[in-house]
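Residue numbers (our numbering), protein chains in the order written: chain A, 1 to 608; chain B, 1 to 608.
Accuracy of the hints is not assured; some may be wrong.
The list treats identical chains as interchangeable, and a pair is accepted whether it falls inside one copy or across any two copies.
Said to hold, decoys possible - Think about it this way: if two alpha-carbon atoms lie no more than 20 angstroms apart in a straight line, the pair counts; the simulated DMTMM-like pairs of lysine to aspartate or glutamate are: (1) Lys257 <-> Asp234; (2) Lys480 <-> Glu291; (3) Lys217 <-> Asp164; (4) Lys217 <-> Glu260; (5) Lys257 <-> Asp506; (6) Lys480 <-> Glu382; (7) Lys532 <-> Asp363; (8) Lys545 <-> Asp449; (9) Lys308 <-> Asp448; (10) Lys217 <-> Glu206; (11) Lys532 <-> Glu130; (12) Lys270 <-> Glu206; (13) Lys214 <-> Glu159.
No lab work stands behind these hints, which were simulated from the structure alone.
For reference, the chains in residue letters:
2 protein chains.
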Amino acid sequence: MTSTPEGAPLRSDAAIRVDRWLGRFEAALAAGDVEAAAGLFAPESFWRDLIAFTWNLKTVEGPAGVADLLRHTLGHTAPRGFMIDPAEPAVEAGGITEAWIVFETAVGRGRGHLRLQGDAAFTLLTTIYELKGHEEPQGQRRPRGVVHGADRGRTTWSEQRQRDAAELGITTQPYVVIVGGGQGGLALGARLRQLDVPTIIVERNERPGDSWRKRYKSLCLHDPVWYDHLPYLDFPRNWPVFSPKDKIADWLEMYAKVMELNIWTSTACKRASYDEQTGEWAVVVERGGREIRLRPRQLVLATGMSGKPSMPTIDGMAVFRGDQHHSSAHPGPDAYRGKTAVVIGSNNSAHDICAALWEAGADVTMVQRSSTHIVRSDSLMELALAGLYSEAAVASGITTHKADMIFASLPYRIMHQFQIPVYDAIRKQDAEFYARLEKAGFLLDYGDDESGLFMKYLRRGSGYYIDVGASELVADGRIKLHSGVSVVRLTERAVVLSNGVELPADLIVYATGFGSMNGWAADLISQQVADKVGKVWGLGSGTTKDPGPWEGEERNMWKPTQQPALWFHGGNLHQSRHYSLYLALQLKAREAGIATPVYGLQGVHHLS
Amino acid sequence: MTSTPEGAPLRSDAAIRVDRWLGRFEAALAAGDVEAAAGLFAPESFWRDLIAFTWNLKTVEGPAGVADLLRHTLGHTAPRGFMIDPAEPAVEAGGITEAWIVFETAVGRGRGHLRLQGDAAFTLLTTIYELKGHEEPQGQRRPRGVVHGADRGRTTWSEQRQRDAAELGITTQPYVVIVGGGQGGLALGARLRQLDVPTIIVERNERPGDSWRKRYKSLCLHDPVWYDHLPYLDFPRNWPVFSPKDKIADWLEMYAKVMELNIWTSTACKRASYDEQTGEWAVVVERGGREIRLRPRQLVLATGMSGKPSMPTIDGMAVFRGDQHHSSAHPGPDAYRGKTAVVIGSNNSAHDICAALWEAGADVTMVQRSSTHIVRSDSLMELALAGLYSEAAVASGITTHKADMIFASLPYRIMHQFQIPVYDAIRKQDAEFYARLEKAGFLLDYGDDESGLFMKYLRRGSGYYIDVGASELVADGRIKLHSGVSVVRLTERAVVLSNGVELPADLIVYATGFGSMNGWAADLISQQVADKVGKVWGLGSGTTKDPGPWEGEERNMWKPTQQPALWFHGGNLHQSRHYSLYLALQLKAREAGIATPVYGLQGVHHLS
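Use the sequences and the hints to build the structure in full.
As structure tokens, this is what we get:
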């Protein structure tokens, strides 16, 4: 960087352009001039706000969307202090000027990201990372730990922890109950603990991590380590790229302990109901053989984004004499050595289970009913993830937090445009691999618009397999394949397909997917509440299993729903980590009595 | 930084000076010209080598010392590639030019630090951080975790872990046995695990961390969090400044688990003997009620730098009818509410125990036999530690690793010169505090040469108290004090002092310190081996409890001893973290069959 004669660093052209835009934007906001602010956005433009203005996760489009957002939020938000993050220089490339920004509102401190096309905003991201007066005790603010001095009434850390744990839920009430102690529940629980929001996590298993431990033995994370960090505590530099299930389970158990989470293990959540008058949930759990009634103000379902297992109804299911179960209930392959297995489905679970059964010495047939998107794990790492989540990214200064923010800065509406070339490159690089799969009869797709795996994940959460080895077994016939068929009926000992083939079977695994997460609400609360909330997950892209209209954000995830005080949390480790921050701040604001007027509460277009 | 017209950055004067020195040094080494190399050092100068040239921790002084070191080591070390660390600019201040350097040897890669006075070396630090061909699996080299592909003989991570743990020590032998599973043993164990050196840690308690958990309840770390990180896994940013004992215990337990250490808990180490012929130890441990004989090649004692408790012999100890025990066996104050306690001693343990007894409602008297150095914890943080280990240091780019290296770069011989002004400042700032203590009769000192706490720690490991509250109790008489006296005898119910005072007592705590760590070797191996090894800890400074001659490094710590294959490891968390690297590399080199000719093996001048 060069300097002026006085020694002050010169501003780059990019910085000057961003400064000018931010100055105009702030002036318009300060003047309450909604039209002027909206006029700073390009005709095709996107403002994504994560709770800073909207107390919602919300993307608006174009000047009209910006104006509408501001008309409803500007009065109480009181935004100010927009400037380029001093730690991050603005940059210009290909006609787009980019900058990380900071700002504040009446109640919080924010970070964001701006992309300018010429002098007009193309994308704006605004987020709140902390609430004024409720800053997390980190770094300079970390707790002292021990209270120096002499005190005859001293309570030690462990006495206090034991007392709190013994009282919470019994003589004192948690503000939040989180149902589910997987990575989602733990990440959110850790943030709420730091924000001093009394919280109980209810987990049906005996130990944190059991939701991983209890699954089939070859399971591992399909996402690499750089993508998987939990809040506050990164995996160490010697952690494996792909965590084996028992290792990630041990980490989660440790995490719950060192983060001092109040997790009720071996506890089943039986039912919940909301009293609109008192604003209180009655959540009945079974713990240690007796029912306990918790009365939190907020209820979070973190029971897995996959929702409830979808079991098909097939003629003859009652007469089949072998074992049959949904993939989520599959106990692993050990009992099926030398047996004949039929796996119905062709996505991640189907492939993993087929491979594990084959490894255990079973005779395995996969029944593929419709096309599937396959990406080799190595290719995904190299071509789709490496820029943001890799050792090279870390080395070039893209921390996990920064990668999360870059990802958040890309509007869902145009994300597929960035994804299509990635998957074009993967198809080209792995052409021979795909050709062999097709030769074996496997039906491939790359998404309705060729945008690949991540868009499928965001739109429908299914329809793909990240290949860690099973595809070779399919390609060379070690896993037998029948594709483009359906199952018409079962006999006592076989599966009968629509092409007339009869597959003998000792075991049938239904890898037939999962319903929407509001199914959990139906079970736990009521069908009425599940319908009031509507479908969870998906963007409204109008592609397969993600019907329109366009929603702009993931349906019902990490944000207010039509049911007051009911929240859905989860997703992959990246989402659990990043969005748990905004969900935790929404909950903290309510607990602290901060006004949280929600702009653009999502409507319900689909029930499941 | 300015640039040449061609765009290459200009070298600073400091960098040019360092480049020139390194060039001459390397040329002299390459030519085998020991005298020329030695001539590059100032008359008063220090070269500290941590295993790079010497396979020892060794400081030599002046050109003559440098020449001697090189005459014995240059031939096999083959050092080369000395250059300024590209990530760290050389700097000049007050006539001293400083630079971080990198280099390599025939077998390892090194980092170091150089201080020039004019053009002559004043201090040089050389260290090895990894052995070629034995690099740790971190970052780019981290393990993949899961093996992709299909394999009918697949062994999962957890199966492999269980198998390894079941076999090691039973059907296969560890290369190293570490006695003691506190922070020292765990830190070393973690490094050896990363270096793939089969290791068993033997710990007498039921759970890792119990050596903290089982102590008195108000115990906390007296060193702040920035000083306390373990290798590979930093405490998170929300970790308290001063860890309560149970919290650090939980962390250690978690650490042992996620680092996949083979720790045999509830296992007592009974005896050990070394067979010079086979180069093998026979280490007999009692585990699960039966004796198991381990046969490692290397034995590490990590049983606490404090060594065995020193109990005084006092007339009447057999007739005293109350409780009496050494401070290390003190069960905590709970049983002594309303009782009368006499604590003999006035260092850390004495103060902590007096305060805890007072808090519990006991009547407490401290018997101070000789002067003690007191520093308020806050002052120590502010004036002694903040530059290297604090939130501000971290913010200014001084990572824990860098702080460790800066500390390592200061020769012990002159360290007190840097410490004296720090404690002068503390005396001035806390003058009123010290005056009140003296008024209460407390005998203060600041070290034989006024160099304060850290030098006392390095020289004798005792003689001080980091005040976290007890001194106020002493100053205002809530803890009663008798100073400048000794205990002459006990009666059935009282302690009789040399000044004739008779103190009634229900409890006597002997906070009378600890012996040298070779006492553990005497118990475990033999008195003969303990004497062969000699005194452990201390610099030979010729100050109280640290008799000369000058040793240059801590006696017998983290380096070869006169007993082949016997090592001492420990110290505070900083030392356990930093020196565990060099000890681990010494062990790995031996395991890998790399020649490790030791230069300057320490002689024995004191038996204990």
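For each hint, the structure was consulted:
1. Lys257 <-> Asp234: both (15 angstroms within a copy, 16 angstroms between copies)
2. Lys480 <-> Glu291: Neither: 48 angstroms inside a chain and 54 angstroms across chains, both beyond 20 angstroms.
3. Lys217 <-> Asp164: between (37 angstroms within a copy, 18 angstroms between copies)
4. Lys217 <-> Glu260: Cα proximity of Lys217 and Glu260: across copies only (19 angstroms, versus 29 angstroms in one copy).
5. Lys257 <-> Asp506: neither (42 angstroms within a copy, 39 angstroms between copies)
6. Lys480 <-> Glu382: Neither way: Lys480 and Glu382 sit 30 angstroms apart in one copy and 70 angstroms across, limit 20 angstroms.
7. Lys532 <-> Asp363: Neither way: Lys532 and Asp363 sit 46 angstroms apart in one copy and 67 angstroms across, limit 20 angstroms.
8. Lys545 <-> Asp449: Classified as within; 14 angstroms inside a copy, 79 angstroms across copies.
9. Lys308 <-> Asp448: Answer is neither: 25 angstroms inside a copy and 73 angstroms across each miss the 20 angstroms cutoff.
10. Lys217 <-> Glu206: within (18 angstroms within a copy, 29 angstroms between copies)
11. Lys532 <-> Glu130: Classified as neither; 31 angstroms inside a copy, 61 angstroms across copies.
12. Lys270 <-> Glu206: Classified as within; 17 angstroms inside a copy, 37 angstroms across copies.
13. Lys214 <-> Glu159: Between. Shortest inter-copy distance 14 angstroms satisfies the 20 angstroms Cα cut-off; intra-copy 33 angstroms does not.
Checked against the numbered hints above, the structure violates hints 2, 5, 6, 7, 9, 11; every other hint is satisfied.
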